[in-house]
Structures are given as C-alpha cells and as structure tokens.
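Asker: In the order they appear, the protein sequences are chains D and W.
Each residue of the first sequence is one higher than the last, beginning at 1 in our numbering.
Each residue of the second sequence is one higher than the last, beginning at 1 in our numbering.
Treat the hints as calculated values from the structure; they're not laboratory data.
This one's a predicted model, so the numbers in the text were calculated from it and none came from an experiment.
Glycine residues also receive a C-beta, built at the ideal position from the N, C-alpha and C atoms.
One or more of the hints may lead you astray.
Stated by the list, open to error - Which stretches of chain W does chain D cover? Using the computed rule of at least three CB atoms under 8 Å from a CB of chain D, they are:
id, segment
1, 8-17
2, 55-64
3, 127-133
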Amino acid sequence: MGLFVPALNGMAEMDGSMMASETMASGAETLLRALVAQGVDVIFGYPGGAVLPIYDALFQQDAIRHVLVRHEQAAVHAAEGYARSTGRVGVVLVTSGPGATNAVTGLVDALMDSIPLVCLTGQVPTHLIGNDAFQEADTTGITRQATKHNYLVKQSADLARVVHEAFHVARTGRPGPVLVDLPKDILINPAPYAEPSAAPHASYRPRTTPDPARIAQAVALLKRSERPIVYTGGGVINAGPEAAKLLLEFVRLTGFPCTSTLMGLGAYPASDPQFLGMLGMHGTYEANMVMHDTDVMLNMGARFDDRVTGRLNAFSPGSKKIHADIDPSSINKSVTVDCAIIGDAAETLRALITAWKQDTTPQNRDALAKWWQQIDFWRSKNSLRYTQSRDAGSVIKPQYAIEQLYKATRGRETFVTTEVGQHQMWAAQYFRFDKPNHWLTSGGLGTMGYGLPAAMGVQVAHPDALVIDIAGEASILMNIQEMGTLAQYRLPVKIFILNNQYMGMVRQWQELLHGNRYSESYSAALPDFVKLAESFHAVGLRAETVDDLDRVIAEMLAVDRPVIADICVDQKENVYPMIPSGAAHNEMLLGPEHKAESGGYTGNSVTDEGMVLI
Amino acid sequence: MRSATISVLVENESGVLARVIGLFSGRGYNIDSLTVAPVERDQRQSRITIVTSGTEMVIEQIKAQLGRLVPVYRVLDLSREGPHLARELALIKVVGSGEARQEALRLAEAFRARVIDASTESFVFELTGASDKLDAFLDLMRPLGLAEVSRTGVAAIARGRSTIT
Ligand SMILES: Cc1ncc(C[n+]2csc(CCOP(=O)(O)OP(=O)(O)O)c2C)c(N)n1
Ligand SMILES: [Mg+2]
Numbered sequence: 001m002g003l004f005v006p007a008l009n010g011m012a013e014m015d016g017s018m019m020a021s022e023t024m025a026s027g028a029e030t031l032l033r034a035l036v037a038q039g040v041d042v043i044f045g046y047p048g049g050a051v052l053p054i055y056d057a058l059f060q061q062d063a064i065r066h067v068l069v070r071h072e073q074a075a076v077h078a079a080e081g082y083a084r085s086t087g088r089v090g091v092v093l094v095t096s097g098p099g100a101t102n103a104v105t106g107l108v109d110a111l112m113d114s115i116p117l118v119c120l121t122g123q124v125p126t127h128l129i130g131n132d133a134f135q136e137a138d139t140t141g142i143t144r145q146a147t148k149h150n151y152l153v154k155q156s157a158d159l160a161r162v163v164h165e166a167f168h169v170a171r172t173g174r175p176g177p178v179l180v181d182l183p184k185d186i187l188i189n190p191a192p193y194a195e196p197s198a199a200p201h202a203s204y205r206p207r208t209t210p211d212p213a214r215i216a217q218a219v220a221l222l223k224r225s226e227r228p229i230v231y232t233g234g235g236v237i238n239a240g241p242e243a244a245k246l247l248l249e250f251v252r253l254t255g256f257p258c259t260s261t262l263m264g265l266g267a268y269p270a271s272d273p274q275f276l277g278m279l280g281m282h283g284t285y286e287a288n289m290v291m292h293d294t295d296v297m298l299n300m301g302a303r304f305d306d307r308v309t310g311r312l313n314a315f316s317p318g319s320k321k322i323h324a325d326i327d328p329s330s331i332n333k334s335v336t337v338d339c340a341i342i343g344d345a346a347e348t349l350r351a352l353i354t355a356w357k358q359d360t361t362p363q364n365r366d367a368l369a370k371w372w373q374q375i376d377f378w379r380s381k382n383s384l385r386y387t388q389s390r391d392a393g394s395v396i397k398p399q400y401a402i403e404q405l406y407k408a409t410r411g412r413e414t415f416v417t418t419e420v421g422q423h424q425m426w427a428a429q430y431f432r433f434d435k436p437n438h439w440l441t442s443g444g445l446g447t448m449g450y451g452l453p454a455a456m457g458v459q460v461a462h463p464d465a466l467v468i469d470i471a472g473e474a475s476i477l478m479n480i481q482e483m484g485t486l487a488q489y490r491l492p493v494k495i496f497i498l499n500n501q502y503m504g505m506v507r508q509w510q511e512l513l514h515g516n517r518y519s520e521s522y523s524a525a526l527p528d529f530v531k532l533a534e535s536f537h538a539v540g541l542r543a544e545t546v547d548d549l550d551r552v553i554a555e556m557l558a559v560d561r562p563v564i565a566d567i568c569v570d571q572k573e574n575v576y577p578m579i580p581s582g583a584a585h586n587e588m589l590l591g592p593e594h595k596a597e598s599g600g601y602t603g604n605s606v607t608d609e610g611m612v613l614i
Numbered sequence: 001m002r003s004a005t006i007s008v009l010v011e012n013e014s015g016v017l018a019r020v021i022g023l024f025s026g027r028g029y030n031i032d033s034l035t036v037a038p039v040e041r042d043q044r045q046s047r048i049t050i051v052t053s054g055t056e057m058v059i060e061q062i063k064a065q066l067g068r069l070v071p072v073y074r075v076l077d078l079s080r081e082g083p084h085l086a087r088e089l090a091l092i093k094v095v096g097s098g099e100a101r102q103e104a105l106r107l108a109e110a111f112r113a114r115v116i117d118a119s120t121e122s123f124v125f126e127l128t129g130a131s132d133k134l135d136a137f138l139d140l141m142r143p144l145g146l147a148e149v150s151r152t153g154v155a156a157i158a159r160g161r162s163t164i165t
C-alpha cells in the first residue's frame, strides 16, 4: 500500500557488505536484508533452479546461517522445532515445483499446531507462470488451505513489504505458517528495500486483549465453583513463557486442579501436585473423570479437539464452560460454551489473576477440599500402572524405557520430540515436562516423520542442550535421510527408538477394533539400526533386554554425537488408559493391570459409531 | 437451520475469492449464492455477498472463519444486523409462440420484468428483486417455454444509515 521507503532512501542506510553501493540491490539481496531485519539467524532449506539467486546471495553474506536438509518436508519440521523451542519464527527456503510440494505436509502440520513459520518458495519467472513451465507448480493455489496466509510476489516494489508482512502474520494472533512465493525474475531484478511498517495492517488485526466484562463473568463462575478444572492447551505455550508463569500463579492462587492437552504439556509443571496429567484419549483416569464431573471448566488455549472430548454429547455434561482462545473461530466450534474470552493467553491469565484478587466473593473452600478428595481417590487407581519384570533377560516394557530415560536426563536441559504412534503417547504419559517449549510433537496432524527433523531444528537453536527424538521404528524411516544433516552439522541428536516391530498404534486399533487382523501393520524387513547409524557417521546402540537398558541410555547420553538407540520393547504392549472412539470420558478403558477392578478393562467395547471415527 | 446473508468486505487482491470459496468447500459449508465485485473507486476493496444456510452454530463458525482470513476487513451477517435489502437480477429466456407467448408477456408485466430482447419466437426478460420473487417468476415461466436463465446472485445492504465500514 505504498508504504515502502523509496529505493534511494533505503540505499543510503545499507551496510555495504551485502550489496553493491550504486546499483539497487537485487530481489534476493533485498529479501535477505528483510530477513535480517526480522531477526532471522538461520534458514532450513534445499536449493534448486528457481532459488539459485537466493543461494548466491546467501553465499556472499554471513548474517544468516543456512542448514541444508535432505528433504524439503524435513526443512519445514526443522523450522517448526526451531520455532517451538525458541518462540521465534522458523524460516524455510525451498525451490519451485517439487521443492514446494514436498514442503506441504510440514506446512499443514504447522497450521494444525499453530507454529509460526515463514516458508520461502521459488517460482518460475512471472512471464512463465501458468505455462506449465519446468518445475512450475501452482504453489499459492496448493498451499492456500495449508497456510495461515500466502503471497505471490508479482512486483519487485512489493517484495520487502510482503516479507515483513509475512513475519507479522506468522507470529501474531494465532500463529501459523505463511508462505511467500518468489518468481525468479523478482529475485534477480532490482528490488527496493523497505523497513517494516509500524502502521497497523489494513485488514488483519487480531485481538489480544480480553474483554474485562468476560473476565469478570469468568471469575464469578470460577469463584462459585465446587468442582473446578483448568484445562490448558498449546495456546499457553504459544503465548510464551510468561503465560506459563501466570498459569502456575493462577492455579496456585485458586487451588484448582489442572490438566493439559498433548500440545500443552510443559505449560504447567508436570511434577506439581495440582497437575493431573494429560487428558483425552490416552489421558489419565483422574484427568478424564474430572473433566466429566466438573461443574466449572476453564479452557485456556485449547480447542476441544476430538481426541480430548470423546463423544461430544457426553462431554462434560454438567459443567459451565469458559473458553479463552486467541482465535474467535475456536469458540463454539464443537462445544458450546457459556463464557468466551478472546485474547492472548498471557494477557487473559493476568486479567484473571487481577480480577480474582479483586472479587471479594469468598471461594467455596470446603467444596474444593471435597473435590480434591474425590480426585485423590481417582488418582489412587494409578491408571498408568504397568509391570516391568526385572528378571534377567526380560523384555523391556516401553513405559519403563521412557521412565528410565526420564530419570537419566534429570538435571540436564532436555528437549523431547516424538514421531507419531504409541511411543508418542508413552512419551507424553511417562516423561514429565516441567517447562514450556521443551516438548515438541505433531498433535493436530499426527505426522510420522516429524520427530527427527524437529529435533534437528531444536538442536540448531540450542547447541548445548540434550535433544531426544522418542521414535517408533516405522516413523523414524519416514525422514531417516536427515541422519545426513545431523552428521554434516554435528548435531548430537539422540534418537531413542521404541522398537516394537509393529506400527504399534495401528496394531493396537486392529486388536481392539478389527478382530486381531493385523493387516499390513508389521514392520517387516527393518534395517539394522545400529549399522544404519554407523553408516551415517553416528553411534548405534541396542538394548535387547531389561539388563541392557540403563547402560544403553547412559552411553547414549554420554556421547557428544548423534546416536540411534534401538530399544527392543514388548511387541504386544498397548497404550492405556484409552477412551475408545465414540465413548464418554467416564467410559474409559483401563489397562490389563486393572482387570480385576470394577470399571476396568473390558476388551472389545468399541461402539459401532466409534468404528467410523479415527 | 437458517439462511444467512453475509457481506464480506475484502482487500481486492488476487486469490481472495479462492480463499473464501476454499474455506466453504474445505469445511463443508453451503453456498446458496455468491456475488463479488469491487466497490471502491480505486478498486482496492471488493464486497462479497454470500447466501448460506446452516445451524446457528455453523453460521457463527462461518463468520469467525471468514474473519480470520488476512485480507478480510469486515464480516457482517445482514440477516442478523437488523433490516436489510437483498436483490438479485435475472436474465430469463422464454421460447414459444401463440397463447403461451402472450401469457408469458402478461405475467412479465405483472412482475415488472422488462423485455430486453425479442424475436418472433422468444423473449429475454430482465427481472430484479428478492430471490423468492425471481423463483416465483421462473416457476410461472416453466410451463410457458422457459429456455435459459442467468442469475447474478444476491447483492445486499443494510437499511438506514449504518454501513459495513
Ligand atoms: C505420515 C503418516 N502416515 C500414516 C500415519 C498413521 N499412523 C499413525 S501411528 C502409525 C504407526 C506408527 O508406528 P511406529 O512409528 O512404529 O510407532 P509405534 O506406534 O509402534 O510406537 C501409523 C501408520 C501417520 N500418523 N502419519
Ligand atoms: Mg513401532
């Protein structure tokens, strides 16, 4: 909108290192200048014809580091890992056509989990667009529903403004991936630079400050509650560490129990007694029973996802629901709520704390004490219980492997990523996260192959931290080529494979829903992961029985190189507790350990309606 | 279920209509009618009018989802914002002769449809009005030789002083 600074003004302030002094910078140089202005220090990318001008400009500067991945999908997940673990915008650079289409899975992954990214894609020159030119794809068309927003830069004068705007859109409001498609002529031709505009965007103005009236209404409901619950999600993580601090303050202030979605783990410290563990399909018994029986629920930055609610018409039937979310479209999408608060999670929590203190209504402490008694009873079921035999030669239980890993990592700055499947759920259940931004998993899309590249991105951002990808033997093969990236950049990521020789989550559903017909879910012809690690210049380790486990974990943590630890675990283990699709929270299945108890394991109790759900 | 007439003021940039339509198809919302054209002298803003139907919860979702699109300035549910006017234009070709032809012309006059083209065996009528008026006219023309219809979809605006901006 004509807000860019005229070219010559911009030129006067340029530092000579990046571009020639008399001529206007090329589009590629202007692009890099805009990236630097946005605070970008690293890009995850893969070159190709359409983006060669950018690679040429990258070669001639050293403000921005480029990490060369082995597949464009991995570049996006790596940028997600970088973004999620730092709170900054992750940046991806790929070429036109196949480069862009390979990135699509990562973009949808970031969209579903609200991860701020800017993905730069090359495009054929403007005059060839629409001609089925070599490596042309309709990238903005393909990614329209895969991004929060996307742009095709058709005029050099728009380039700098669009790049700045892309970062603004990616990181504000509900964060998400933004794609900028860059035709090759735009990259080559001169393009004027413009500083980021301070003026608000014409049409995009997300609301971050909550309505005080709604805050008062929420506090009134919460003060009068007898069986309250705070249910938190990824929105608290996205709002930054300040939001997590305020969450702790609020929960302590009120004395309420707190549960979290898969995406929200770490926002509230898992080792705190007021934390009930994860809720939902594989959540703890106490978290789900609380959700079912609560009278006032405060949803902070979660979205009533179907993995969390179970059967909708049986979801928390007697409760008043307060929903705080930055995205108005999350409100009343699947669950109708009584009090909607639109705003940033940190601002909302701050307002709730202030209003709670100002509201003179006394809290019903007796009712709350009774509620905690009930919760302690549910807790005493110990729904995550399992039995690990210590006899020599015993098979390793996957839950035990995670617990031992967790113990061995105490005291170290540890980030955990996962792939998708049973191992992901066990990681969520048995690894305890006390800080936000240290747990990275593909929640909304459930993308196998996410964990290794995401861990790569985390390690790039945190070179001295311990970064572990808790993986399955099937998922890890989806982006195994990234072992090459780990080697090239000496990223000492630890890949901890819970090798059950099955697509375990698929096998579990086939056992419970499809009469034990294990159709195509056996991981046949697996590679020797130890040799595979070695061929990629990494360390390979294997634990075959319980006797090996602690030694392998210790060795893995001791080396300052990438490691694949192949942990051979019980092939028949299932993830419990489980709310089968189509069931209510209070109809959850407990594991075989609880067979003897009432309300326990009932085997094939999935309803017909449940069958069609996934 | 109810019908909603939603006005959306958008930045007039390439792809904006695809974003709106993609949102409806991707999320399984109905589009009963859709119109779009620039409404500012400088062509910077366009107004999209969508007639849709769904449960109250779905219509609220549609509005929230539209509001989330980056180039969207404003979303207005005209059917909820007090009285509004909604008009559609149709070009209607009726082919026939004899008594049917005379009857078509008489009905067209009653509906204030204009004859904008005529041959010895056909008329093209131009009719403006609320969608149900157009529907009623088309029903009457069907037995009289209705051959072809082109409709614009609904353009809508609030009554009185209030505006979308
Ligand atoms: C890209 C992709 N394809 C398919 C699936 C469906 N899926 C979910 S879990 C799973 C099996 C994962 O197996 P593994 O990595 O061995 O993990 P496990 O469940 O055994 O721990 C599959 C195929 C998916 N989530 N992502
Ligand atoms: Mg497996």
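Asker: With a C-beta cutoff of 8 Å, work out whether three or more residues of the segment 55-64 of chain W approach chain D closely enough for the coverage to hold.
Answerer: Our answer is that it holds, as 4 residues pass the Cβ test (under 8 Å) against chain D, meeting three.
Asker: For the segment 8-17 of chain W, do at least 3 residues have a Cβ located nearer than 8 Å to some Cβ of chain D?
Answerer: Holds: 4 residues of the segment 8-17 of chain W have a Cβ under 8 Å from chain D.
Asker: Given that the segment 127-133 of chain W was listed as covered by chain D, double-check it with a C-beta distance under 8 Å for 3 or more residues.
Answerer: Violated: only 0 residues of the segment 127-133 of chain W have a Cβ under 8 Å from chain D.
Hint check: a violation occurs at hint 3 only; the rest are consistent with the structure.
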